[in-house]
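**Q** Sequence:
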Amino acid sequence: MANHKSAKKRSVQSKVKNAVNSQYLTKIRTNLNKFYNFLKDNDAEEVQNSLKEVNSIMAKAVKKGILKKQYMSRKLSLLSNHIKKN
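Those letters in the sequence shown? Residues 2 to 87, per this note's numbering, in order.
Warning: the hint list may mix true and false statements.
[To be verified] The calculated SDA-like cross-link candidates involving lysine to any residue, where the alpha carbons are at most 25 Å apart (straight line), are:
id	residue 1	residue 2
1	LYS85	PHE39
2	LYS18	GLN71
3	LYS76	ASP44
4	LYS76	GLU54
5	LYS10	LYS53
6	LYS10	ALA20
7	LYS28	ALA62
8	LYS53	ILE67
[To be verified] Pair by pair, the computed Cβ-Cβ distance ranges are:
id	residue 1	residue 2	range
9	ALA20	GLN49	39 to 47 Å
10	SER7	ASN43	39 to 47 Å
11	LYS64	MET2	32 to 40 Å
12	LYS85	ALA3	21 to 29 Å
13	SER81	LYS6	45 to 53 Å
14	LYS85	ASN19	53 to 61 Å
15	VAL13	LYS61	20 to 28 Å
16	ALA3	ASP44	44 to 52 Å
If you're looking for bench data, these hints aren't it; they were derived computationally from the structure. We treat Cβ as the ideally placed atom computed from N, Cα and C, and that holds for glycine.
Taking the hints into account, I'd like the entire structure generated from these sequences.
**A** Shown next as structure tokens:
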């Protein structure tokens with residue numbers, strides 16, 4: 002456990018940041034699952050809306066430094082290819 006005041010503060014900040022980052026990652030995972038479910042149901046309009054939502058959330062996560070830009074690009078490319086195949 003931290004003994005210095007600054008170390009305790011850093012520990013608290015780290016826990017808060019970890020919680021926020023986890024919320025973002027959970028939101029991304031949830032929306033990806035929705036996307037795949039809409040894709041499975043062949044609901045074209047909902048698939049497009051879901052892709053926009055995933056793109057928006059991932060862009061915000063990249064902007065905040067939670068995800069890497071290359072990961073987002075690769076994932077969105079993969080999702081777009083899934084749409085083209087169906």
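**Q** So which of those numbered hints doesn't the model satisfy?
**A** 5, 9, 10, 12 and 14
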